[in-house]
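The listed protein sequences correspond, in order, to chains A and B.
Per our numbering, the first sequence starts with residue 1, numbered consecutively.
Per our numbering, the second sequence starts with residue 292, numbered consecutively.
Where hints are given, some of them may not hold.
[As the list claims (entries may be wrong)] Capping the alpha-carbon separation at 20 Å, the derived lysine to aspartate or glutamate pairs in EDC-like fashion look like this:
hint	chain 1	residue 1	chain 2	residue 2
1	B	K472	B	D483
2	B	K316	B	E563
3	A	K31	B	E482
4	A	K31	B	D401
5	A	K280	A	D173
6	B	K316	B	E447
7	A	K280	B	D401
8	A	K31	B	D483
9	B	K472	B	E484
10	A	K31	A	D173
11	A	K159	A	D173
12	B	K470	B	D483
13	B	K470	B	E482
14	A	K280	B	E484
15	A	K162	A	D173
16	B	K316	B	D449
17	B	K472	B	E482
18	A	K31	B	E484
No wet-lab data here; the hints were simulated from the structure.
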Amino acid sequence: MFTEVFIVGLSLGAIYALIAIGYSMVYGILKLMNFAHGDVYAFGSFICYMLLVEYNLNPILSIIIAMLVGGLLASIVEILAYRPLRGLEYRNISMISALGVAYIIQNTSENFWSRQVHFFPSIISTPFISIFGIQVPTTQYLTLGIVILVVVGLNLFLKYHKVGKAILCASQDIPASSLMGIPINRTISIVYLLGGMLGVIGGVLYASSYNVLSISMGFSGTIVAFEASVFGGIGSINGALLGALILGLLHSLVGFYISTAYRDVITFAILIIVLLVRPKGILGRYVEEKV
Amino acid sequence: MKKNKNIIVIILAVALSFLLPSFVKNYYWLGIFNLLLIYSILCLSLNLIFGFTGLLSVGHAAFYGIGAYTTAILLTRCHFPFFPSLILSGLIAVFFGFFLSMSTSRVRGDYFTVITIVFGEIFRLIMQNWVNFSGGAMGVVGIPAPQFFSWRIISEKDFYFLGLILFWFTYITLSLLVKSKFGRAFIAIREDELAASTMGINTVMYKILSFSIGCFYAGLAGSYYAVYNTAIAPSSFTLDESCLMIIMVVLGGIGNLSATIPGVIVMLVATEVFRPLYHYRLLLIGLIMVIVLVRYPYGILGIFNKIASMRKKYSYRKV
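Turn these sequences into a full structure, and let the hints steer you where they fit.
So, in structure tokens, the structure goes:
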């Protein structure tokens with residue numbers, strides 16, 4: 001039984017990774033906790049649900065449209081609500097603005113799709129697959145595969161593509177990179193676009209492997225993204241991946257062996273302990289403080 | 292001269308607020324005033340933590356809840372008198388606040404915020420699941436009316452006076468605190484922690500102090516809420532509640548105690564006005580927040596300052 005729980009946890013962690021990576025990238029550049037991240041991906045997942053169920057569109061096509069919608073929504077939010085507040089002394093204020101945006105998106109999607117839990121159809125038809133005698137739903141393997149592809153692709157993009165390099169530069173020093181001729185505003189919009197798109201993939205994969213979709217997923221997604229990126233070291237993509245995998249494993253193991261009711265309490269307690277022992281997270285870099 | 296003027300203004304405000312129930316007889320409005328008092332106490336104490344010391348705590352509702360649960364359990368199960376349980380609620384909130392801020396004193400900035408969020412969630416989940424202790428999701432019901440010697444606090448008006456006493460206690464003690472040496476140390480930490488520590492300010496000690504003091508008032512507000520509402524449930528102390536408090540503080544203007552109250556009023560009035568538009572309430576509140584912040588990042592106080600600066604041709608003073 002342990003192996004099954006382990007694999008389920010790993011694929012849950014992989015989904016969390018998709019949600020956390022976008023969140024962590026935004027943090028890496030702007031040092032902004034994007035409270036609206038979860039609601040953006042929930043909105044995108046609902047778009048996918050609408051296209052799949054009400055318009056009977058092809059799953060691949062509807063995921064792509066939903067990704068675009070989510071990404072565009074994230075960058076529009078950035079332009080309207082975060083950009084005007086960027087130069088301020090207290091960057092906490094843009095967090096509050098993000099909170100306002102989270103309310104707006106949540107309420108809008110609530111009015112469109114109501115608060116109840118929706119049934120989300122599975123995207124793949126063969127429900128179970130047996131490898132070495134371990135019975136695990138196919139979606140779990142598919143999720144793992146997609147996440148590996150996305151993370152490898154993202155790493156290559158950041159390392160070799162011009163825009164990716166610009167993102168890395170901006171995350172080190174915004175004024176210096178703008179002096180070097182990097183279009184900061186455009187780069188930040190692209191980061192939000194990427195983050196929103198990755199989040200929507202994560203949301204759709206979650207919804208299709210557990211067959212549920214609800215508005216409250218948005219806020220819990222934000223919390224999961226917080227936790228995962230803090231576990232791994234906020235601001236780094238591989239850290240977010242590692243943190244998300246650990247979080248997924250913890251959620252499924254604690255939920256299975258100890259108690260579902262106290263699952264979150266136990267993972268939160270572990271998070272606090274990790275932060276106290278290693279305040280920068282597992283893979284976080286230590287940055288020297290300057291006056 | 293200016294100091295005397297301030298004292299006169301405060302005395303007038305105190306007198307006016309105590310006379311208010313003789314003009315307003317409507318229970319609906321008195322109920323709103325009571326809510327206003329609760330949130331004002333909470334936001335004033337959050338302003339000390341967030342506005343003055345710069346520690347963004349998104350778990351203030353947990354300390355509010357700790358106070359409420361302490362009073363509720365003491366009054367219903369141990370049949371404690373109200374006044375000692377009010378103090379005890381504050382002290383237990385301080386105990387948790389001290390514990391939390393001490394253990395996280397080495398953790399910086401945003402990580403601290405994450406820990407407070409997580410702490411709030413842990414509190415809510417434990418209260419929801421530990422049915423024997425806290426009554427689970429149903430919470431504690433039938434909290435008896437408090438009694439001070441012969442003053443039995445039962446009507447909306449009595450609660451208004453009790454809340455007012457707590458509010459003025461909070462306001463006056465906090466304004467004295469932020470004007471003292473401690474307040475200056477808090478502001479120095481907010482402006483630049485490293486610079487403050489090189490100036491000889493014990494930043495760890497002051498951060499713990501600020502956080503614990505803030506938690507004390509939150510505990511008092513929770514205790515008041517428990518007896519006022521006669522029933523409490525974990526759903527009143529969620530993350531949303533903590534976010535609402537932060538919004539009120541920021542809308543008012545961070546780092547200014549008097550500005551907190553207009554922030555609370557605006558948010559509560561917005562909630563009441565938009566009640567008929569129930570389905571779009573959060574949408575409108577979110578819109579107000581974003582628009583106000585984008586136009587006036589320093590809150591409602593920023594608007595006043597801007598008007599003042601236009602009139603007097605002063606430069607725009609940042610708060």
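Hints versus structure:
1. B:K472 <-> B:D483: holds, 17 Å
2. B:K316 <-> B:E563: Since the Cα atoms of K316 of chain B and E563 of chain B sit roughly 19 Å apart, the hinted pair holds (cutoff 20 Å).
3. A:K31 <-> B:E482: holds, 17 Å
4. A:K31 <-> B:D401: holds, 9 Å
5. A:K280 <-> A:D173: holds, 19 Å
6. B:K316 <-> B:E447: holds, 10 Å
7. A:K280 <-> B:D401: Roughly 11 Å between the alpha carbons, so the hint for K280 of chain A and D401 of chain B holds.
8. A:K31 <-> B:D483: holds, 17 Å
9. B:K472 <-> B:E484: With Cα atoms ~16 Å apart, K472 of chain B and E484 of chain B stay inside 20 Å; holds.
10. A:K31 <-> A:D173: Holds. K31 of chain A to D173 of chain A sits at ~11 Å (cutoff 20 Å).
11. A:K159 <-> A:D173: holds, 17 Å
12. B:K470 <-> B:D483: Roughly 19 Å between the alpha carbons, so the hint for K470 of chain B and D483 of chain B holds.
13. B:K470 <-> B:E482: holds, 16 Å
14. A:K280 <-> B:E484: Given that 20 Å is the threshold and the Cα spacing comes to 18 Å, the pair holds.
15. A:K162 <-> A:D173: At roughly 17 Å apart (the allowed maximum being 20 Å), D173 of chain A and K162 of chain A satisfy the hint.
16. B:K316 <-> B:D449: Given pair K316 of chain B, D449 of chain B holds - Cα atoms ~12 Å apart, limit 20 Å.
17. B:K472 <-> B:E482: holds, 16 Å
18. A:K31 <-> B:E484: At roughly 17 Å apart (the allowed maximum being 20 Å), E484 of chain B and K31 of chain A satisfy the hint.
Every hint, counting from the list given before, is met by this structure.
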